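Produce the complete structure using the sequences and hints provided.
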Amino acid sequence: MTALPLAVSANAVHDAVRRLAAIRPGAYRVVSCYLKLEPRDKTRGKYLIKMKNRIRGALADLERQGLERGVRDQIAADLERIRRYFEQPAELPHARGVALFVCETIRLFDVIPLPHVYRSRLAVEPVPLIRELVALEQEFGTILVAACDRTGARFFEVTAFDVAELPALRAAASRTGKFHGQRQAKRGGVLAGGFGEHNYHMRIREEKHRHYANVADYIYQIHTQRPLAGLVVAGIGVDAAALVPHLHTYLHDLVLGVVKLNPKKASAPLVREAALLLRDQRERAWEQAHAEAVKDGLGTGWAVNGIDATLKALTRGQVRTLLADGHDDDPRIDDAVEEALRQRAQVDVLYDDAARRAVAGLAALLRFRR
1 MTALPLAVSA
11 NAVHDAVRRL
21 AAIRPGAYRV
31 VSCYLKLEPR
41 DKTRGKYLIK
51 MKNRIRGALA
61 DLERQGLERG
71 VRDQIAADLE
81 RIRRYFEQPA
91 ELPHARGVAL
101 FVCETIRLFD
111 VIPLPHVYRS
121 RLAVEPVPLI
131 RELVALEQEF
141 GTILVAACDR
151 TGARFFEVTA
161 FDVAELPALR
171 AAASRTGKFH
181 GQRQAKRGGV
191 LAGGFGEHNY
201 HMRIREEKHR
211 HYANVADYIY
221 QIHTQRPLAG
231 LVVAGIGVDA
241 AALVPHLHTY
251 LHDLVLGVVK
261 LNPKKASAPL
271 VREAALLLRD
281 QRERAWEQAH
291 AEAVKDGLGT
301 GWAVNGIDAT
311 LKALTRGQVR
321 TLLADGHDDD
331 PRIDDAVEEA
341 LRQRAQVDVL
351 YDDAARRAVA
361 GLAALLRFRR
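First residue of the sequence shown: 1, per this note's numbering; consecutive thereafter.
Just so you know, the hints here were simulated from the structure itself, not pulled from any lab data.
All values derive from a computational prediction rather than experimental measurement.
Where hints are given, some of them may not hold.
Unchecked claim - Have a look at the derived ranges for each label pair, beta carbon to beta carbon:
(1) Gln-343 with Glu-80: 30 to 40 angstroms
(2) Glu-104 with Asp-296: 43 to 53 angstroms
(3) Leu-59 with Asp-239: 49 to 59 angstroms
(4) Asp-352 with Ala-12: 30 to 40 angstroms
(5) Glu-80 with Asp-239: 51 to 61 angstroms
(6) Arg-320 with Asp-253: 18 to 28 angstroms
(7) Pro-25 with Thr-151: 54 to 64 angstroms
(8) His-14 with Thr-249: 31 to 41 angstroms
What the hints assert, rightly or not - Cross-link-like lysine-lysine pairs, in silico, BS3-like; alpha carbons within 25 angstroms at most:
(9) Lys-295 with Lys-312
(10) Lys-264 with Lys-208
(11) Lys-295 with Lys-208
(12) Lys-208 with Lys-260
A virtual CB, placed ideally from N, CA and C, is assigned to each residue, including glycine.
Here is the structure:
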């Protein structure tokens, strides 16, 4: 078994993709499995129930295929290995998804942790189905996490398979000592703070604003060098969102949210998990927006709804964005997802209940009118 480490790197995944892409058809079949492992999927072993149903369906399909006895036995044995693997929770990676590619004939059992899976699915084909792996990295892009307070800022780049810390920024140091005024004001006959106290607080405030402006400029420079897919602002207390007003106008639409993290103590895994959580929340909003776009497009011919209509649009190469019900077990949906990836269409699997109600199994936004 080849299991990539839990902290999988982009290079390790690229190597795995190249190795899988080099597999050619032969007297065998490769089982490709993508499984969601988000918290809601782990509740009461839902992921295991879902995968067992997929395995039963694959075994039933074997009886209807005109494969040689040896190939059928190999596929059945590989499906059993996958079932046993998922029945051992301790073996599962601490990730939001996992991809398995299994074929005993060529000594293949690759396990790849994933930050996101479109839809839990299982397929038996002559070669591994790796399009989702490739599309995931391209779609995920780069999320920048800026964790800052008034003394400094740390920056993390979060990609589909990596998290890397960039050089930090330090705020300009304030003068030592608190108040420098020699005169004191009286309030109600009682000595109050010196006149220097006001100047001190104003200086601190000005230095803080200047620091956040420098951080915002640095983020904009990063964005111009390599466009960002998202931006997460992190901090502590009431100042967690203090950076947001200083961001360049072009960056505001990229902000996924604000999280409470101590910039001095934040670790790379903690930062990555926070970024993934906010990205998931943004995806729910995208789901609703795409579902509304389907409703609007049906009357104008720029959208189709229903499995049959969507499959027909796929065969014509019309689909720009494929919408799939994440809880519908119709096997044609799995085939549609793979075909959409082959055509380089955007894939959006819906798990938001309101968005799902607008889609009859499958729907699509079109590149051109039907």
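Going through the hints against the structure:
1. Between Gln-343 and Glu-80 the Cβ separation comes to about 34 angstroms, which falls inside the hinted range of 30 to 40 angstroms.
2. For Glu-104 and Asp-296, the hinted distance range of 43 to 53 angstroms is satisfied, since their beta carbons lie about 50 angstroms from each other.
3. Distance hint check for Leu-59 and Asp-239: the Cβ-Cβ separation is about 57 angstroms, which falls inside the suggested range of 49 to 59 angstroms.
4. The given range of 30 to 40 angstroms is respected by Asp-352 and Ala-12, whose C-beta atoms sit roughly 32 angstroms from each other.
5. At roughly 55 angstroms, the beta-carbon separation of Glu-80 and Asp-239 lies within the given 51 to 61 angstroms, and the hint holds.
6. Judged by the Cβ atoms, the range 18 to 28 angstroms given for Arg-320 and Asp-253 holds: they are separated by roughly 21 angstroms.
7. Taking the beta carbon of each, Pro-25 and Thr-151 are about 60 angstroms apart, inside 54 to 64 angstroms as hinted.
8. Look at His-14 against Thr-249: about 35 angstroms separates their beta carbons, and that is inside 31 to 41 angstroms.
9. A C-alpha spacing of about 19 angstroms is found between Lys-295 and Lys-312, which places the hinted pair at or below 25 angstroms, so the restraint holds.
10. The suggested pairing of Lys-264 with Lys-208 holds, with an alpha-carbon distance near 17 angstroms, which does not exceed 25 angstroms.
11. Restraint check for Lys-295 and Lys-208: not satisfied, since their Cα atoms lie roughly 47 angstroms apart, outside the 25 angstroms limit.
12. Restraint check for Lys-208 and Lys-260: the C-alpha separation of about 19 angstroms stays at or below 25 angstroms, so the hint holds.
The structure shown violates just one earlier hint, number 11.
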